[in-house]
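> Sequence:
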Amino acid sequence: MAELDADIDGLWREIGALTEAGELRRLSGAFARFIAQLGDAPSALILAAAVLSELEGHGHSCLQLGDLAAGPTLLLGWSDDAWRQLAQAAAPLPRGVAGWSKLLAHCQQVWIRGEFDLDQPLVLDGQRLYLRRYWRDETLVAQAVRERAAATHPVDTPLVRSWLDKLFVAQPGAQGPDWQKLACAVALRSSVAIITGGPGTGKTYTVARLLALLFATAPEAGRQRVALAAPTGKAAARLKQSIDKALNELADRVGSDLPLRELTARMGAARTLHSLLGARPDTRAFAHHRGNPLDVDVLIVDEASMVHLEMMASLLDALPVGATLILLGDKDQLASVEAGAVLGDLCHAAHEGHYSAATIAYIEAASGEIIPDIYRGDGGALAQQTVMLRYSRRFGGPIGQLALAVNGGDTARAEQVLRAGEESVRWLEHAQPAQLLQLAHAGYAPYLQLLRDGASGEHEDWVRRILLSFETFRILCAVRDGEWGVTGLNEAIEKRLAASHLLRHGAEWYVGRPVMVTRNDYSTRVFNGDIGVTLPDPARAGALRVYFLEGDAVRSVLATRLRNVETAFAMTVHKSQGSEFRHTVLALPRERNAVLTRELVYTGITRASEVFTLVTPGGDVLQEAIASRTHRTSGLRDLVA
419 MAELDADIDG LWREIGALTE AGELRRLSGA FARFIAQLGD APSALILAAA
469 VLSELEGHGH SCLQLGDLAA GPTLLLGWSD DAWRQLAQAA APLPRGVAGW
519 SKLLAHCQQV WIRGEFDLDQ PLVLDGQRLY LRRYWRDETL VAQAVRERAA
569 ATHPVDTPLV RSWLDKLFVA QPGAQGPDWQ KLACAVALRS SVAIITGGPG
619 TGKTYTVARL LALLFATAPE AGRQRVALAA PTGKAAARLK QSIDKALNEL
669 ADRVGSDLPL RELTARMGAA RTLHSLLGAR PDTRAFAHHR GNPLDVDVLI
719 VDEASMVHLE MMASLLDALP VGATLILLGD KDQLASVEAG AVLGDLCHAA
769 HEGHYSAATI AYIEAASGEI IPDIYRGDGG ALAQQTVMLR YSRRFGGPIG
819 QLALAVNGGD TARAEQVLRA GEESVRWLEH AQPAQLLQLA HAGYAPYLQL
869 LRDGASGEHE DWVRRILLSF ETFRILCAVR DGEWGVTGLN EAIEKRLAAS
919 HLLRHGAEWY VGRPVMVTRN DYSTRVFNGD IGVTLPDPAR AGALRVYFLE
969 GDAVRSVLAT RLRNVETAFA MTVHKSQGSE FRHTVLALPR ERNAVLTREL
1019 VYTGITRASE VFTLVTPGGD VLQEAIASRT HRTSGLRDLV A
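All residue numbers for the sequence shown refer to the working numbering, where the first residue is 419 and numbers rise by one.
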């Protein structure tokens, strides 16, 4: 081992140099040292461990041996020189996938799936190398989804058909099947269903009718336990609000045939996934799990694209065997911040359908909808339980056209829409920071003016008007740092608004400060992603409270009790998921960045309901972003199949 240790010294130096250069997390280097301390560790294993850990930080759940053999520079966001220097320090490296597989199979730190398990920290499953917990989570999700998709329920097809005809009104001149109606029929067949689609395609509209259908066809409707959940508090509140509105309209249509208002009143508020599962301080474990399952018959999860691998594994582990899981989300949006792209993996081919003859026969009998031949095929059990909503009722104008162009990778069309001069879509090319600050001034002045005018009438009504006004406008950033990032812009916007005498900020907390919660806090009942505005406490002179809107309800927390918050005039696109603003401004940075992808631009555009403004400081940053697709390495697709 003396010779081996001498060779490895150079590798440790190179790992240290990459860490100091900011190319490698300190955690990745520390993990590689941990692996080396567990026994004989050839330099190639140390390199693989460092790369695997680093990829986890980029959202990948595993490392493909093919990528490792070819050089994972694109996955890591490294230059070819950085990888070459690391590879040379670890030389000689195995040749090809077969060489890497052979080397890893002889390392005592690696468990080969199917062999005797000694609980090693690394797992080799086929041609994929995992950190053990991600292998465990991915395996659990794949197995649970496969089993649920295969667990078909008996369906009273004539009864379903009669109720679907009541719940859905035929659209005159509509072309193709009613995918919303079809989705409701499909969701009744097994213990899992995925309904995906872009903004305005009616996911919550569909689910409201699905809930009515579930109650109408259940043997004991009054005993159906239905829960609503989403990854963030904001998304959960929006889900509940949207479904309540749709159900209220639906109740008038069905009348006495179904006591819909009475049945849905028992659902309770939508909750964050952390709250639903019973998150506990200082531990990753939840109160609900396989040994203490959730008390639900149907669980509906909105904004499922934000659900990371570990959370999805915990959710499926806690779901009772007989319960039905409905996942809603846009498969083309940004994936979760943490590792995994679960929704994208589960329904990556949703646009192709791949419905079997048996599924098509059922759909036609239960809904009366005819599936075009191009969607026929056999994509496996989960494909039969997946429906993509294809027609946007909200995004038919320029914003929708822009979103479609970006999502399709059509740069020329995207630029054409941006330059068309439409009021709802604007592009500030070669913009200066002052132009962005001018937009911020105009966008935030209305809520600050309401604040300056003071309370009139009920205090809660005044607070609600301020919160609703603030939510009409937002600046979204691709990055956190720099002049065009969240940190720099929030500081610059504060100064601009103060200079205009719209607010006074001399300390951390000030009247009018908008804040976003960055960490779940169960003692104050605020959750990661919640956004509030700081206002005077009417009961205590000089005290400040942060007010949050939950549906129509207003609640507040003393500002001094909030420990994990940041100013929210500008926020990242990731943090904006689950939100919608009348006017959304997307600011892209000057320099090319690995986070600048087609999915990020698409997600930013689709946060706007009426007006979208793109701000670019120059260069080809938009073209480069549209050309760059998010790729997350995972084995979930293969495991589900």
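Derived by calculation from the structure, the hints in this document are not laboratory data. Quick reminder that beta carbons are idealized off the backbone N, C-alpha and C, glycines included. Check each hint, because a few of them may be wrong.
Stated by the list, open to error - Derived SDA-like pairs (lysine to any residue); straight-line CA-CA distance at most 25 Å: (1) 913 <-> 885; (2) 584 <-> 568; (3) 584 <-> 685.
Said to hold, decoys possible - Okay, the calculated beta carbon distance ranges per label pair: (4) 593 <-> 783: 44 to 54 Å; (5) 492 <-> 877: 14 to 24 Å; (6) 670 <-> 575: 43 to 53 Å; (7) 942 <-> 568: 22 to 32 Å.
> Are the hints correct? Go through all of them and say.
We went through each hint and held it up to the structure:
This hinted pair checks out: residue 913 and residue 885 have alpha carbons roughly 21 Å apart, not beyond 25 Å. Proximity of residue 584 to residue 568 is assessed by CA-CA distance (about 29 Å); at most 25 Å being required, the pair is judged violated. About 23 Å separates the Cα atoms of residue 584 and residue 685, which keeps this hinted pair within 25 Å; it holds. Between residue 593 and residue 783 the CB atoms are about 22 Å apart, so this pair departs from the stated range of 44 to 54 Å.
Roughly 55 Å separates the CB atoms of residue 492 and residue 877, a value that falls outside the hinted 14 to 24 Å. A hinted range of 43 to 53 Å is violated for the C-beta pair residue 670 and residue 575, which are about 27 Å apart. For residue 942 paired with residue 568, a C-beta distance near 43 Å fails the hint of 22 to 32 Å.
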